[in-house]
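Here is how the chains run, residue by residue.
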Amino acid sequence: MKAVWKRDLTAYFNSPVGCVFLFAFATIMNLCFYVFNVLGASSQISNLFSIMLFLLILITPFLTMRLFSEEYKLRTDQLLLTSPTDVWEIVLGKFLAAFCVFALALALTLVWVIVIGLFGVLSPGAVAGNYAAILCAAAAFISVGMLVSSLTENQIIAAVGTLAVFLGLFALSAAAESSLSPVMGTVLSWFSLFARHQRFLLGIFSLSDILYYISFTGVMLFLTSRVLEKKRWA
Amino acid sequence: MIEVRDLTKEYPGKTAVDGVSFTISRGETAGLLGANGAGKSTIMNMIAGYTAMTAGTVRVDGLDILEEPTAVRKKIGYLPELPPLYMDMTVEEYLSFVYDLKKCRTNRAEDIRQACGALSIADVRRRMIRHLSKGYRQRVGFAQALIGNPDVLIFDEPTVGLDPKQIIEIRRVIRSLAKKHTIILSSHILSEVQSVCDRILVMDQGRLVADDSAENLSGRVGGAKKICLRVSGRAEEIRRTLLGVNGVAAVKAEGSREPEISDFIVTVENGQSDGAVRMLMTKSLAEQGMYVVEMRSESMNLEDVFLKLTSGKGKKAGGRTEKIAGKAEEGK
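Protein sequence lines, in the order shown, are assigned to chains A and B. Note that the numbering used here has the first sequence beginning at 1, numbered continuously upward. Note that the numbering used here has the second sequence beginning at 1, numbered continuously upward.
So here's chain A without its partners, still in its complex pose:
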């Protein structure tokens, strides 16, 4: 697993993908911080994480599109799948590489905490909760992107497909909120990554929602490994 993780993490920064992702993320989020918190003289950072969640919809496909699609295209999946490394190690290694790039991007926002701590009123619980929630949501998003990438050798299709899935999940979230039937609303919210995140934005740390994100990610990683195994048996 470590070999795949190291290789993929390095690959992000050997190509423009990693740097462009970090640059885009840091630029947009820091601009938002400047507008809402510096110019608005606010210590509230929940709205920034709300924006970050929507930004993730747009930029996660860019991060995950190459994970397996590029391997198929270069036929390097033959090297991976004929090595003694298990499929789950390959999947986990790739997932962790993409997740580390996001974590690195998120680490750049820690400067907000320092600024608010120095010049405003910092709520450590809310900050920790928001960071934990966005990390969990990003893990779920990346796992979806990786699953879509494992289905095609075309990176563009992988990116557009991932974006379509995210928009579908977002629509599901909206449907859950506007559902007239409470039962239907509950069922739909089980599948909504976005509705779950709302509670963290309100400052509620929900362990069940954290477990939901972890489980969702686990299921997506499992499905990705099944896709790879299915290719072997196709």
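In case anyone wonders, no lab produced these hints; they're calculated from the structure. Don't take each hint at face value.
Covered, in the sense of this in silico footprint (three residues per stretch, anywhere, with C-beta under 8 Å from a C-beta of chain A), are these stretches of chain B [as the list claims (entries may be wrong)]:
no. : segment
1   : 75-83
2   : 105-115
Away from chain A, derived, C-beta distances all over 12 Å, residues of chain B [to be verified]:
no. : residue
3   : N45
4   : D64
5   : P164
6   : V248
C-beta atoms are modelled at their ideal positions from N, C-alpha and C, and glycine is treated no differently.
Since chain A is already given, all that's left is putting chain B on it; use the hints.
Using the frame of chain A, we list chain B on its own:
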């Protein structure tokens, strides 16, 4: 070392490999020969564990690939038709990654140094793979297969797309590796298989139609041995003398291309030694004052054998592969 039994791979609407069986002994170099689409790569992918079979078994060193896939993959170094290279890595980074991927327990630096040495790529170790020529990329592909010093090496079309100089070099490398490894390579180039392999497995439309050494294949498929002869003297006298030689079944006059020299094709009786008949013919003709100007065996060359095997003869009949018995049987 490698035991393949009734290996079958079916895709929707197509049977890529149909009940193929063979055994390759330790240290042997076997060549899978066949036209494009004959099923060579599919067989290699199944042995390497990249593709699962629809039916049949593959055992490497006694281990079943489905029951112990990790252990089997540790024993195999695989070079697919398109070398699986990451263009954004240097040769050294790539080989180090492969070392980790294969979970090797040997000395990393020594392993990589040996692989680079065997393929003469030590001078490009620090260069990016994307900047290497096709020949060098192919060698890097070979080097990754050697990392971890696996017992079995599988090379799929190892010289495809290379220039003649590079082909000769790669063949030299394969021959040097054959001393220490069990090798299976695939090719649609007869001369390549002939030059590096102890044994040839001929594939046609997913079926194994022949399994023998190049020499035996030529002999078995070629039928009766024939000798081309050019002799100075009168044609009728020569013919009469040749027919009197022990071991000669038939003599066919082929006319004359030069004055006072007649051409013949002599068919040797089944079971007779080609060499002995040649000596007897030379002796008999000389005793009659007729001299042999040229003599050569007219065995079928491998191209002829290949075409004959893949043109309908030797194909499956009633669900059983008509196999030319050879080393596969001897090796059991």
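Consistency of the hints with the structure:
A stretch counts as covered by a chain when three or more of its residues have a beta carbon under 8 Å from one of that chain; for the segment 75-83 of chain B and chain A the count is 4, and the coverage holds. Residue count for the segment 105-115 of chain B with a Cβ under 8 Å from a Cβ of chain A: 0. That is fewer than the three needed, and the coverage hint is violated. Residue-level check failed: N45 (chain B) sits 8 Å from the nearest beta carbon of chain A, not beyond 12 Å. No beta-carbon of chain A comes within 12 Å of the beta-carbon of D64 (chain B); the shortest separation is about 15 Å.
The non-interface label for P164 (chain B) is consistent with chain A: the shortest C-beta to C-beta separation is roughly 25 Å, beyond 12 Å. With a cut of 12 Å on Cβ distances, V248 (chain B) stays outside the contact zone with chain A, its closest approach being about 55 Å.
Against the hints set out earlier in the document, violations occur for numbers 2 and 3.
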